[in-house]
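Asks: So the chains spell out like this:
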Amino acid sequence: MPSMMEGMRVTVNGAAREVPAGLSVAGLLRELGLQPGLVVVEHNREILERSRVGETGVHDGDVFEIVHFVGGG
Amino acid sequence: MNLQDERLEIAGRSFRSRLIVGTGKYRDNPTMVRAIEASGAEMVTVAVRRVDLDRTKEEGVLFHLDPARIFLLPNTAGCYTAEDAVRYARLGRAAGLNDWVKLEVIGDQRTLLPDVIATLEAAKVLVAEGFRVLAYTNEDVVTALRLEDAGCAAVMPLASPIGSGLGLVNPYFVREIKTRLSCPVIVDAGVGTASDACLTMEQGVDGILMNTAIAEARQPERMAHAMRLAVEAGRHAFLSGRMPRREVAVPSSPSAGMLD
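These protein sequence lines are chains A and B, in that order. In this text, residue positions in the first sequence follow our numbering: the first is 1238, and each later residue adds one. In this text, residue positions in the second sequence follow our numbering: the first is 13, and each later residue adds one.
Next comes chain A alone, as it looks inside the complex (with noise of 0.2 Å):
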């Protein structure tokens, strides 16, 4: 486990979230306990592509949107 020395401060969803450095998007999705399938991201307002999120690192600052489907009209 990196110490918190080396920990990133992200935005998730609009909170600040303190991160291990090193982290790629895949990585804070599982962090979040979310499965890629089933969320789309937005990583500094762009989207990032489900092929993607392996290879994508996660850097300091970063603002994240995660979004799903839920019931609407």
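None of these hints come from the bench; they were simulated from the model. It should be emphasised that the depicted structure is a prediction, and the values quoted were computed from it without experimental measurement. Check each hint, because a few of them may be wrong.
Claimed, not checked - Cβ pair distances, simulated, as ranges:
1. A:GLU1243 to B:ARG230: 54 to 62 Å
2. B:ALA23 to A:GLU1243: 46 to 54 Å
3. B:GLN231 to A:SER1288: 29 to 37 Å
All residues carry an ideal CB built from backbone N, CA and C; glycine is no exception.
Based on these hints, arrange chain B on the given structure of chain A.
Replies: Positioned in the frame of chain A, the structure of chain B alone reads:
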């Protein structure tokens, strides 16, 4: 006599049911699933929202609806600018189900009436990006024509404000929109009960999209069934061509052959 109706065709996809239903406001998911089943709808709308990270057990609607059985139409509900609507539409498409979107840009919080200028602006952007745009709009004929010109796959005038249940307030303009447009016209929002749905279909429109009328009924499943029948009844009444309205009575039994 063949009493079958032709299928509803939108953007190269065809549907047997002319009823499209929303998935919002149900008291629980099993109720929603049973209501959709009873409605006979083959297309349902869904919204794009943040995953709730604090309640990790919360499930998205995909846990309850099988996209292989039912066509999911992502909406841009809750958006007040063209930019936001485009953003939500792109997120919906990135879910990987299809490239359709129910475009909705709201212009007023109290009435939830559409911002038609922003809707048109967003429609142009989305059509250029290859989306199949089904655009929610008011019952204004000129806006409906502009949305069709912009390349929308369907134009969806309201019956009355979203969630109001006031029924079809402007049958004349809805009929005019249907007459003037070549793309499918789906009435979206405002239907409150089965007679509203029937009356709406009697105007000749191609279908109806509704949510609250079913979800907020005391028995959603039964109301969904009623709506299914009402949409079919209204459709067949339209196709059959109603009798003229007369200001005077005309007897149904022969006036000849009466006794002295």
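Asks: For each hint given before, does the structure comply? Return the numbers of the non-compliant ones in rising order.
Replies: Of the numbered hints given earlier, the structure breaks just one, which is hint 3.
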